[in-house]
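Student: In the order they appear, the protein sequences are chains A, B, C and D.
Going by our numbering, the first residue of the first sequence is number 1, and it counts up by one from there.
Going by our numbering, the first residue of the second sequence is number 1001, and it counts up by one from there.
Going by our numbering, the first residue of the third sequence is number 2001, and it counts up by one from there.
Going by our numbering, the first residue of the fourth sequence is number 3001, and it counts up by one from there.
These are computed hints drawn from the structure, not numbers from a lab.
Note that this is a predicted model, so its numbers are computed, not measured.
Treat the hints with care, since some could be wrong.
Calculated lysine-lysine pairs in the PhoX-like style (CA-CA distance at most 25 Å, straight line) [as the list claims (entries may be wrong)]:
| hint | chain 1 | residue 1 | chain 2 | residue 2 |
| --- | --- | --- | --- | --- |
| 1 | D | Lys3140 | D | Lys3127 |
| 2 | C | Lys2281 | D | Lys3114 |
| 3 | C | Lys2283 | A | Lys189 |
| 4 | A | Lys189 | D | Lys3107 |
With the C-beta cut set under 10 Å, the calculated list includes, among others, these residues of chain D facing chain C [to be verified]:
| hint | residue |
| --- | --- |
| 5 | Ala3110 |
| 6 | Asn3200 |
| 7 | Thr3287 |
A virtual CB, placed ideally from N, CA and C, is assigned to each residue, including glycine.
4 protein chains.
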Amino acid sequence: MSNSIRAAIVGASGYSGEELVRLLLRHSSCEISVITSRQYDGKGIEEVFPRFAGSGLKFSAPDVKKIADTCQVAFLALPHGLAAEFAIPLMKSGVKVIDISADFRLKSEAKYKKYYKEDHPSPELLKEAVYGQPERYREKIKNAKLIACAGCYPTSIILATAPLLANKLVSPENIIVSSMSGVSGAGRKVDLPYIFPECNESLRAYSPVGHRHLPEIEQELAFAAGVNEIAMNFVPHLVPVNRGINSTIFLNPLPGFSVEKVAEAYAQAYANERFVRVLPKGKLPDTKCVTMTNTCEIGFAFDEHTGRLIVLSAIDNVTKGASGQAVQCMNILFGFKETDGLL
Amino acid sequence: MSNSIRAAIVGASGYSGEELVRLLLRHSSCEISVITSRQYDGKGIEEVFPRFAGSGLKFSAPDVKKIADTCQVAFLALPHGLAAEFAIPLMKSGVKVIDISADFRLKSEAKYKKYYKEDHPSPELLKEAVYGQPERYREKIKNAKLIACAGCYPTSIILATAPLLANKLVSPENIIVSSMSGVSGAGRKVDLPYIFPECNESLRAYSPVGHRHLPEIEQELAFAAGVNEIAMNFVPHLVPVNRGINSTIFLNPLPGFSVEKVAEAYAQAYANERFVRVLPKGKLPDTKCVTMTNTCEIGFAFDEHTGRLIVLSAIDNVTKGASGQAVQCMNILFGFKETDGLL
Amino acid sequence: MSNSIRAAIVGASGYSGEELVRLLLRHSSCEISVITSRQYDGKGIEEVFPRFAGSGLKFSAPDVKKIADTCQVAFLALPHGLAAEFAIPLMKSGVKVIDISADFRLKSEAKYKKYYKEDHPSPELLKEAVYGQPERYREKIKNAKLIACAGCYPTSIILATAPLLANKLVSPENIIVSSMSGVSGAGRKVDLPYIFPECNESLRAYSPVGHRHLPEIEQELAFAAGVNEIAMNFVPHLVPVNRGINSTIFLNPLPGFSVEKVAEAYAQAYANERFVRVLPKGKLPDTKCVTMTNTCEIGFAFDEHTGRLIVLSAIDNVTKGASGQAVQCMNILFGFKETDGLL
Amino acid sequence: MSNSIRAAIVGASGYSGEELVRLLLRHSSCEISVITSRQYDGKGIEEVFPRFAGSGLKFSAPDVKKIADTCQVAFLALPHGLAAEFAIPLMKSGVKVIDISADFRLKSEAKYKKYYKEDHPSPELLKEAVYGQPERYREKIKNAKLIACAGCYPTSIILATAPLLANKLVSPENIIVSSMSGVSGAGRKVDLPYIFPECNESLRAYSPVGHRHLPEIEQELAFAAGVNEIAMNFVPHLVPVNRGINSTIFLNPLPGFSVEKVAEAYAQAYANERFVRVLPKGKLPDTKCVTMTNTCEIGFAFDEHTGRLIVLSAIDNVTKGASGQAVQCMNILFGFKETDGLL
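Using the sequences and the hints given, assemble the complete structure.
Tutor: See the structure below:
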């Protein structure tokens, strides 16, 4: 195909990498050209992910020059802190970079340092990066050189909350969120808390204060609300499913609020969005309706008893919360049909 | 044993009934004398619960006279609305009644009507009943004729919150709770939303407004706080485990609050309680540490960022949230060792 | 598209129906025109399967005339015994019928009666029907009027065993199979044994003698072996996953057997088959590598100790074991690319 | 209590160790005196297993002298190959040793070497050790110095098969077993194949040829049958439950076989056994009926079609398959009630 591009996936042996391969193999205009993994260098992808046998893909050690020579876009699916090493030279070579990690999502160096306990390796890129959430930044994504894809918890929370803040229907104060995530959210990580018997039949909160996704959520909700700062609560929980995030968000209405205006605000924001499904009154999100899809489900209920609005959302953390959103960003960036590879 | 008593379990074919059998078979001073089930009348218990083969227990249709003639205590493990029919005549016959349903938990007829959409069948019993939560009502339980065992979600929330309200460390206003429950919480109910493929790999909220456990929680927290009314948010979620409830509770400190005082309030309330485990700083509850036990785990974290206290708790909904607590109440009522049958 | 066809899905509210919708919505040349359900007549598909919101599909009561007027193909995804009622008039009207039930899979009326305890309603169709397993009957499928798609357990067992029987490498005697299936295999059935707490943390065999899939497996293996009859053991087990069948097959080598010849027989049968993946030596099938795909994984190990060959296979029971295979058959029948809708 | 003993648990930080603690804390006559773990030396048990908070138990590095000075019995719950180092000096000091590992189960040095690829470190102990399966070796256990507890798969298979072999009802030839195990069977092992997303929604066979439990099973079945050698097939599968083993056993009747005689053989063997439950005709074992208990469930069905007998059994791999059986052995060894700690 004349418009077709070639992609590299840097760090392709984790769950985000696997999902990128799954989605891009189905894409009409993007061919996977390079997949990297130091650990599996030289091995066929079927050694790690048997379901991709026959694709002909083979892991190689990451090599910026090789990627720059052959690819138009590089997806970075690396652990925290490693993206800059690849992003900087790739961008210099004209390769579009779509980063799935949290490395470039924060605009504030200070917040990065506070939450990650170290200086950011390339603060200039924090300004350069476009936040990869198509429903809110589609125009900027079209011309981005570096896209910092929205995180999994943040995606579930921001999509559900931003339109209400933007329309001044709810207060940016006293926002409280309780979320649950499947275990793939911890990555393909070999650590005692994540072995099957420690997760199955287990429900547990973690990082109830100061989770690293918090400043990202606060940043984007502050942008949506048009305020300088938001300070909110966010408590994530680990639950025994493979995929899925469910967020329950407690919001305080502002004067002028009505349930009808909530519905209108969502309709205005998402009526034309293929990957956001606002549920009718009385229906609530369920992760099983979104797993293996790029869709975010949003539902809500107003509690007259307390005067509080409860908003609920569900996504697949690996798709809309990571690799699916990344492909959606790529589609926008290169002028492909936004749903390509994602239906 | 000279002090030994005989018990009836009315409605013994559900999960609460099964758990009562499991616990009482291990009890040193209480013998199961009658187990009732209309559906399984005449069948051996092993037809329904093979693990109790050899116990010699056989289901019979419920027969108040037979129970009154042979038993000192009756556990009612019936669906909502059916308890009064048995409680009234049994109490008249001098049988102590321990009800696991929600029928007698509310003190207010009006609230019952609001949440259950019908008049209470025996409002005089609402006053008679003692709320079956040993840590808070041990003295009253000792002399009760009718015990309305605390509900599953309520137990997880009240045990974690009441001491802080009683000590005026947190405000009775703006309490927000997000809970998760295993599917046994829905009972042994044959309904489409509860079949395996609809629950497994599914995370979903339900009844985010007006759940029937809400007035019970509000009632008990208001008692603890010494206020007339509490209006709070409570959103339950169904998650794919068999057993376990995890509650995450957002509380607003009052003047004089300190983390140390929180620890002290819990220590004061629970230092001598065998079935409440307050976790040390930095540790968070996990349902897998309490399943198949009568223990409630409580942890907490103060968020300086928002000034809010986050309290977390975990129980087994079938044990501490139902049948275990019922046995604990029986032990108190009859002067048995409080842990008998429960370790 | 000029070659595009329209399809009806009769009985679209179960898991096979849901999977047909998922696959056909992605198909380039087949449009879903009618979805039927008596129970949900008049409701949008999103009422039952929220993930298909936006598709515009609406359930209607089954109406043969309407289907005949608008569709070129009808998928029947009905409970056992109901297919003939639709198949006969639809075939008369020239609509191709692809049945996912077991109604037309057996060639022998007598065996049908033995296993289903009733006379077959339309024995003439037993001869007419082509067994819907593309890897073995591709040519016949091309001209079929009625396709009886291979069952889920049978697919996993026959694909793994037939090439070895056909090549006289293993004996048609003393075949023993032990299989496991996810709970979706029981259908979207509301029955006590299938509620979550009865299946989760449960491993159990069922129908260890005389399972209804047995005569189908024996029939096809006898055809492959070129013998009149096969009598074998097949024990299915229910295990707590949503999707997936894993079969473990014990076979006795014939003179001339060698491991190399086993590999050759598979290569000969499947080297050009996109949906069968024969694993290299030392690798074993895992259902998680095939779920949500139309692929069958096959592995094997020879036990020198007993002289027996152990063959293992894995499929997704809803895809390759039902709806995916049905779509594959449709693709062959209408001359579409065989992988359309399935990648 | 005058008869009370003190026990050491060597290697107490794994799942077998955890289960020993759970069971012994409930024992009327055995007090846990020492729990060892190099990794957690000096830490309270609640750091690893919060559910044992309040027990006062603390891990120490293993110290043979300390154990010998204070304990009458030592349970060894160590990884393969490490038991001899502790067993020899402890036995010399008069401490009874109950080993949960596979180190002393085989009678044949040659078989040990074949399956473990190394010489046995203390072959004299292979003769000394009594195989820890109370239903078959109760008298020998009473006087044992070293008990090699039966393995998990072996327990499920031998209990179900031995009485039929001993009564010459089935042939010792052509025995075929397919088993499934929960993930706790792999131990508390931190390895990629055992993390939650790799196990959940996964069904897979492993070691289909030459599993290390095979010679143990063959040895004991040969003893039961009174033959020199048995060569059989055994294929284990890993399935997503925490606990439980389900074994499906295919047996060939000998002349004189009848279904009635099978029932009689089981009755004769197990009528007085508290921890074996032979199911009535038509009922099949289910692991959920035995988890968290020391019971083995056995069921069977005769297939007239093939003339083969199918026997099915279920146990909890951690209880009857390991620590529960170990406690049962201890009870026999010290003359305690055999069910103490186990009900």
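Student: Would you mind marking each hint as holding or not holding in the structure?
Tutor: Outcome of the hint check:
The hinted pair formed by lysine 3140 of chain D and lysine 3127 of chain D meets the criterion: a straight-line CA distance of about 13 Å does not exceed 25 Å. Taken as a hint, the lysine 2281 of chain C and lysine 3114 of chain D pair is honoured in the structure, with Cα atoms around 22 Å apart against an allowance of 25 Å. The straight-line distance between the Cα atoms of lysine 2283 of chain C and lysine 189 of chain A is roughly 22 Å, inside the 25 Å bound, and the hint therefore holds. Taken as a hint, the lysine 189 of chain A and lysine 3107 of chain D pair is broken in the structure, with Cα atoms around 41 Å apart against an allowance of 25 Å.
Violation of the interface hint for alanine 3110 of chain D is found here, the shortest Cβ-Cβ separation to chain C being roughly 14 Å, above the 10 Å cut-off. For the restraint placing asparagine 3200 of chain D at the interface with chain C, the shortest Cβ-Cβ distance is roughly 8 Å, inside the 10 Å limit, so the hint holds. The interface hint given for threonine 3287 of chain D holds, since its Cβ lies 4 Å from the closest Cβ of chain C, which is under the 10 Å cut-off.
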